[in-house]
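J.: Given the coordinates of chain Z, assemble chain C onto it according to the supplied hints.
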Amino acid sequence: MRWGVVRFPGSLDDGDALYALRDVMGQDAAMLWHKDEALGGAQCVVLPGGFSYGDYLRCGAIARFSPIMKSVARFAADGGLVLGICNGFQILCEAHLLPGALMRNRSLSFICDFVNVRVENAQTPFTRAARAGEILHLPIKHGEGCYVAPVAELAQMEERGQVVLRYVDAAGVESEAANPNGSMRSIAGVANDRFNVFGLMPHPEHAVEKLLGGEDGLKIFQSIVEGAR
Amino acid sequence: MRVKVFITPRKGILDPQGRAVEGSLKSLGFEGVASVHVGRYIVIEIDAASVAAAEAAVKRMCDQLLANPNIEDYRFEVEAG
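Protein chains in written order, with my numbering: chain Z, 1 to 229; chain C, 1 to 81.
Worth flagging that the hints you see were computed from the coordinates, not collected in a lab. Incorrect hints may have been included.
[As the list claims (entries may be wrong)] Computed beta-carbon distance windows for the label pairs: (1) C:75 x Z:150: 16 to 22 Å; (2) Z:156 x C:63: 20 to 26 Å; (3) Z:31 x C:28: 45 to 51 Å; (4) Z:35 x C:69: 26 to 32 Å; (5) Z:173 x C:44: 44 to 50 Å; (6) C:4 x Z:174: 30 to 36 Å; (7) Z:228 x C:2: 41 to 47 Å; (8) C:51 x Z:35: 34 to 40 Å.
Note that beta-carbon positions come from the ideal geometry of N, C-alpha and C, so glycine has one too.
In isolation and in its complexed conformation, chain Z is listed as follows:
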């Protein structure tokens, strides 16, 4: 399967995403430059983590207007798969390809830690390799990961199954203590209403080998590969 990983000025995890896809997963993955418009025939576009454009103004607000984002929006409108990780999630929200927004963490601190997230919807192209209710152990590292959306919209998203991942404790239970950043309804990852665009704050690309502290991140990439077959 062909993948494209977008590199913005200030991207940080583009190399790790490429490593996870190419070296660990054996996929055909290429780096895409933010100033280009071509997606290189990618079947899935990854917007990686980092601090695109220095996170100036708001995280993702400026990257959203990069030339390549026009192509990504068109690709998504045509049903193409788009995966936004951390800063990529923020960019997708700013670009209105995903609902809601990501704000400063409740603690005001940058958090670097492992979290547990529960798969709320295992029927999406991004989670089909997981079981519904499965707990994934993934790292987070962000200062602006507090997910917010209008309450009425959240209710609709829940109904449609767009809330894909939720922060939980090791036993799989939601709690204030297990919600690292104050996200509404402990939301860690959401999809659009067509389920071809997915954004999450945890980093699956940093959890693809035992050496890295776990390989639960593979589930996300495997889901996408399985769907493409």
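T.: Frame of chain Z; chain C shown alone:
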């Protein structure tokens, strides 16, 4: 023309920065502080044919880039001359 744009967290939206500053002011002994909101202040120098034209342009700037309507409110003042 100079335009001053004020962007603040939308009412009812969690504002952890404002809350932290509020707590700090209270602990410094400032009485009567009911609430604090921390926002952003942007100054734009713009060439425009009229105040109305500048206002129209800045409104578009706010809607497209300067503010996120999901979480922020904005207002602006145009200083002619």
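J.: Work down the list of hints and note, for each, if the structure agrees.
T.: Do the hints match the structure? See the list:
For residue 75 (chain C) paired with residue 150 (chain Z), a C-beta distance near 21 Å keeps the hint of 16 to 22 Å intact. Taking the beta carbon of each, residue 156 (chain Z) and residue 63 (chain C) are about 23 Å apart, inside 20 to 26 Å as hinted. For the pair residue 31 (chain Z) and residue 28 (chain C), the beta carbons lie near 50 Å from each other, so the given range of 45 to 51 Å is met. Remark: the range hint 26 to 32 Å for residue 35 (chain Z) to residue 69 (chain C) is upheld by a beta-carbon distance near 27 Å.
Judged by the Cβ atoms, the range 44 to 50 Å given for residue 173 (chain Z) and residue 44 (chain C) holds: they are separated by roughly 49 Å. Checked against the given bound of 30 to 36 Å, the beta carbons of residue 4 (chain C) and residue 174 (chain Z), roughly 43 Å apart, lie outside it. For the pair residue 228 (chain Z) and residue 2 (chain C), the supplied restraint of 41 to 47 Å is violated, since their beta-carbon distance comes to about 53 Å. At roughly 36 Å, the beta-carbon separation of residue 51 (chain C) and residue 35 (chain Z) lies within the given 34 to 40 Å, and the hint holds.
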